[in-house]
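Combine the two chains into a complex, taking the hints into account.
What follows is each chain in one-letter form.
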Amino acid sequence: MRDAVGIGLAVGAYGLSFGAAARAAGLSVPQACALSLLMFTGASQFALIGVLGAGGGGLSAVAGAGLLGTRNLLYAVRLADLLRLRGGRRVLAAQLTIDETTAMAAGAPVGLSGLGFWATGAAVYGCWNAATLLGAVGAGVVDTTALGLDAAVGAAFLGLLVPQVRDRSALGVAACGAALAVLAIPVTPPGVPVLLAGLAVLLARPWRPRP
Amino acid sequence: MTWLTVLAGAALCFVLKLAGWLVPARLLADPRIRRAAELLPVALLAALVVVQVLGVGRGLQVDARAAGLLAGAAALALRAPFLVVVVVAAATAALLRAAA
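From first to last, the protein sequence lines stand for chains A and B. Once you know that position 27 of the first sequence is 1428 in this note's numbering, the rest is easy, because the numbers rise by one and skip nothing. Once you know that position 64 of the second sequence is 66 in this note's numbering, the rest is easy, because the numbers rise by one and skip nothing.
Source of the hints: derived by calculation from the structure; they are not laboratory data. Note that CB positions come from ideal geometry on N, CA and C, so glycine has one too. Incorrect hints may have been included.
Covered stretches of chain A, going by a simulated chain B footprint (3 or more residues, C-beta under 8 Å) [what the hints assert, rightly or not]:
| no. | stretch |
| --- | --- |
| 1 | 1410 to 1421 |
| 2 | 1440 to 1451 |
| 3 | 1494 to 1508 |
| 4 | 1540 to 1548 |
| 5 | 1551 to 1563 |
| 6 | 1581 to 1588 |
To give an idea of the interface, some chain B residues facing chain A are shown, with a C-beta separation under 8 Å as derived from the structure [to be verified]:
| no. | residue |
| --- | --- |
| 7 | Ala39 |
| 8 | Ala45 |
| 9 | Leu46 |
| 10 | Ala48 |
| 11 | Val55 |
| 12 | Thr94 |
Quick list of the computed label-pair ranges, beta carbon to beta carbon [claimed, not checked]:
| no. | chain 1 | residue 1 | chain 2 | residue 2 | range |
| --- | --- | --- | --- | --- | --- |
| 13 | A | Arg1609 | B | Val86 | 37 to 45 Å |
| 14 | A | Gly1527 | B | Met3 | 27 to 35 Å |
| 15 | B | Pro83 | A | Gly1527 | 17 to 25 Å |
With the rest of the complex left out, here is chain B (with noise of 0.2 Å):
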């Protein structure tokens, strides 16, 4: 199943990155499209967010993850590098749990 959910998503990903190669440029050249398709990943990114750090299954709980992202935060705050912002979030969230 899980198989199945990657090799359909890598499809659907290539399809949409072809098809862009494939359509005439004026089919997608109207500004109104571009600026929903730049909002897009925004929007998703900040859901991902809270269901990656506050999300329980249907339920939603602050803790240790809280912790690490608002970390991880201060760390993109200090213009850290990608990876620095992740090891940080992680080895917070890491510490608190180690002491609880």
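Here chain A stands alone, though its shape is the one from the complex (with noise of 0.2 Å):
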């Protein structure tokens, strides 16, 4: 429990940014309390806003949350395996499905799994939208180029990607996927470069049967 309250701490500061970089990506502050709610997976929530930030169209920015978000799908697999939930209570547990509850649930101690994900859900979902809520209410009251939140973003990405970087192959992948957007931008339209990107991943062979 105390770690599932440490959790939804950290989480809360990662919603701050999420919130301040949703309003300077031009989105009100409905919309960003919306996609905390509604899409509750904060890469592709950063995802959508930084393409449409970028001046991207909706459905290049649904393509590259989606895209981001076909991890939770995996993640879906191994909780459904642990929890053994039937009915209802799974499209509860669908939505509460993410990075945090998967790593609690799969992490805790046999017998326990249930109330890591439930204790870690219901503590990043309170802390996540009510922190949303904040930083976009916070960051409509100042100018935020002067605060420098647009780099900001890009820091926030660094941030998420840098701990999924565990091999070199992650690292190649990776790099790859920098080169490829750095290529696509001048000759694509805003939020193709980063569906293009997804590309790099056949640079790692995933389909090489490995040791």
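Put into structure tokens, the structure is as follows:
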């Protein structure tokens, strides 16, 4: 339980940055809050506002958010096996299926996966949404460019990226994704470079059997 | 228009989460699928960093945002918490702009 509260507070700090970044990208306070309430998966939310903020179209913004949300699908498969829920509770559990809740459920002692999942889910959901509101309202009363909030969004993506680069092939994929984006920015509409960068995954040849 | 994007994006992300709860696990047990799904966010996030820090519409520009990112990267290397990384990046860009 204490871990769940700790995670909730850390997520709150991240939610503040999201709320402020969403305003810097041109979203209204209700739009920023709707993303946190309904989408509730940080990297996808940042991707959606990142594409919109860069002037990208709605379709690329949605596609980018969806591609970043695919890992939640695999988390859900793992959680379904751990928690063995039935019926409508799976719908509620689905909304709470994110990095933090999966990590807590998977890391909990035998028999406590359910408690880890629901406690973390409730703490993160509450803190994430409250912080988004605070950040979005706060950013509305200041000059976001003068405060460097546009630079903060880039750093936020880097902060999300670094923990996921765990080996050399992931580092190669990251470098290739960044390079593809640099090449694509001048020749494709905003939003498309991010989607094209997904091709960098092919560099790691994931279809090759691994030892 | 922004509302449509917000709601469509939220719906897509929810469907992805729910699908994982409903499909039989063996359909996604293939390690190659897992590996690709693990690496996809890495590629997209790296591109998002570039777009956010260097992009100006269809152009590339090195400005205070890049300095902010470098400062944020330094904070990350020192194992600073997420909020500190973000604040350091913002403050660096803000100070450079104020000085210019």
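Consistency of the hints with the structure:
Counting residues of the stretch 1410 to 1421 of chain A whose CB lies closer than 8 Å to any CB of chain B gives 5, which reaches the minimum of 3, so the coverage claim holds. Look at the stretch 1440 to 1451 of chain A against chain B: 9 of its residues bring a Cβ nearer than 8 Å to a Cβ of that chain, three or more, so the hint holds. Under a criterion of three residues with beta carbons nearer than 8 Å to beta carbons of chain B, the stated coverage of the stretch 1494 to 1508 of chain A is upheld, 4 such residues being counted. For the stretch 1540 to 1548 of chain A, the assignment as covered by chain B holds, since 3 residues bring a beta-carbon within under 8 Å of that chain's beta-carbons and 3 suffice.
Counting residues of the stretch 1551 to 1563 of chain A whose C-beta lies closer than 8 Å to any C-beta of chain B gives 13; at least three are required, and the coverage claim holds. Counting residues of the stretch 1581 to 1588 of chain A whose CB falls under 8 Å from any CB of chain B gives 6; the rule of at least 3 is met. Using the Cβ-Cβ criterion of 8 Å, the hint placing B:Ala39 at the interface with chain A is satisfied: the shortest such distance is roughly 5 Å. With its C-beta approaching chain A no nearer than about 4 Å, B:Ala45 sits inside the 8 Å limit, and its interface hint holds.
A distance limit of 8 Å between C-beta atoms decides the matter here; for B:Leu46 the minimum to chain A is near 6 Å, and the interface restraint holds. Interface restraint check: B:Ala48 against chain A, minimum CB-CB distance 4 Å, threshold 8 Å, status holds. Taking 8 Å as the C-beta cut-off, the interface hint given for B:Val55 holds, the closest approach to chain A being about 4 Å. At a threshold of 8 Å, the smallest CB-CB gap from B:Thr94 to chain A is about 7 Å, leaving the interface hint in force.
For the hinted restraint 37 to 45 Å between A:Arg1609 and B:Val86, the CB-CB distance of approximately 39 Å keeps it satisfied. Between A:Gly1527 and B:Met3, the C-beta spacing of about 30 Å keeps the proposed range 27 to 35 Å intact. Evaluation of the 17 to 25 Å hint for B:Pro83 and A:Gly1527 yields a pass: the beta carbon distance comes to about 19 Å.
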